[in-house]
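Protein chains in written order, with the numbering used here: chain A, 1 to 194; chain B, 1 to 265.
What the hints contain is simulated information worked out from the structure, not anything from laboratory work.
A hint or two may mislead.
Here are the simulated EDC-like cross-link-like pairs (lysine to aspartate or glutamate), alpha carbons at most 20 Å apart as the crow flies [what the hints assert, rightly or not]: (1) LYS112(A) with GLU233(B); (2) LYS236(B) with GLU113(A); (3) LYS54(B) with GLU2(A); (4) LYS235(B) with GLU2(A); (5) LYS235(B) with GLU191(B); (6) LYS236(B) with ASP108(A); (7) LYS162(A) with GLU61(A); (8) LYS59(B) with ASP46(B); (9) LYS112(A) with GLU116(B).
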Amino acid sequence: METSFALTGKGYVIIASDTTAARSIVKMKIDEDKVKALGPHLLMAHSGEPGDTLQFAEYVERNIRLYNIRHNYSLSPSAAASWVRRSLAESLRSRHPYSVNLLLGGYDVPAKEPHLYWIDYLGTMSEVPFGAHGYGSYFALSLLDRYHNPDASLEEGIATLKRCIDEVAKRLIVSPSKYTVKVVDKDGVREIEV
Amino acid sequence: MLATANNSLIAGRTTIFSPEGRLYQIEYAMEAISHAGTVLGVLAKDGVVLAAEKKVTGKLLDLTGAKEGGYGGSGEKIFLLNSNVIGGVAGLTADANSLINHARTIAQRHLLTYNEDIPVEILTERLCDMKQGYTQFGGLRPFGVSLLYAGYDPQYEFQLYHSDPSGNYSGWKATCIGANNGTAQSLLKQEYKDDIEVKDAIGLVLRVMSKTMDSTTLGSEKLEFAVLTLDPETKKPKAKIYRPSEIDALLQSEGLKKEDEEMKP
């Protein structure tokens, strides 16, 4: 079942999401990328109602791009997260709300620090050192409580992420088989293999 | 029919090109500003300095209410637009008040949406979009106001912008608007150094002001003054608009205070 994790470390944020697209009890696809690069230093994992997720993620991506083009000024992770939160909060109060849960991570270039935001479909937002959505979060959060280190190197961060993935594989009845993992740091966004 | 034709003639007058390809209303507005009180800004490495000349003063004008200033110490010509931007205005005060009101609204709306202070250029640009609108749509006259924006944002750090009634804006290291702006600009061109610090910029601004203002006196009744720096503790921008007593103390310490016997109580 749908699961996404994210954690920060020394100068980076790692975001991971499973790659299944399911409908009812059927897996329709096992190579869906649910972590979107919103800009040169911004990543967002999206999960929730199929259809809503992609629609909302693309809406966010294009609005952030438009802001960059119009103002020649890139939104900081905090500003982008605030805008996304407000969009979801406005959507919730409309006739057709999006049901999308997000993990938004980015590297603030002027301040030289990583930031991670946990956002849900109700428009709740919280800046966190690590976070998770979906059934996997019940297993991952306790592990992250125990093993997360904000000053960890990228290798240590990936090792902590692997613990989460392995635990979910071991304990969750319908566990995802594959994950996309992306990192954002001072050099930008890249995908890594775990 | 005739009435309509007349109306469109009057309404059109503000927005149409002359046969020579000029927009006279905008040029007139700029002309009006070049007689207004001088406003001068200097961008330094660690801050921005603004000074403004108050034109109309007289013994009978009641200034007792102006001692404490408005929001953030705002006076007649220098205003706090947001916690990270100070504005200095030259031109029609009534038009300026309306622009400042808009600027503050724009800044607060940005804060609401993005939970961060508005970047300086975006505020400038948004205000200029409005100024431009008034040069194109029927039945309106342009704002008779030029502004200097002294601000800070984390991406581009300290900045100084100037905007005029046409809606043009540009960034500067040091510039001047209002009366004698030509003299002031050539003085600034001679004396500005690229790595100037705030404490030297304050001196430079006051020296240029004292030379360009064609009055025998120089004191808080004729001058407004503001500095934007970073708070060394919080690393957040700190806008300081000087109060009258602080301006007098500053002029005294720079040795530029010129008293007028007639103005004494």
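Where does the structure disagree with the numbered hints, that is, which hint numbers, in rising order? Result: hints 3, 4, 5, 7 and 8 break, sorted rising.
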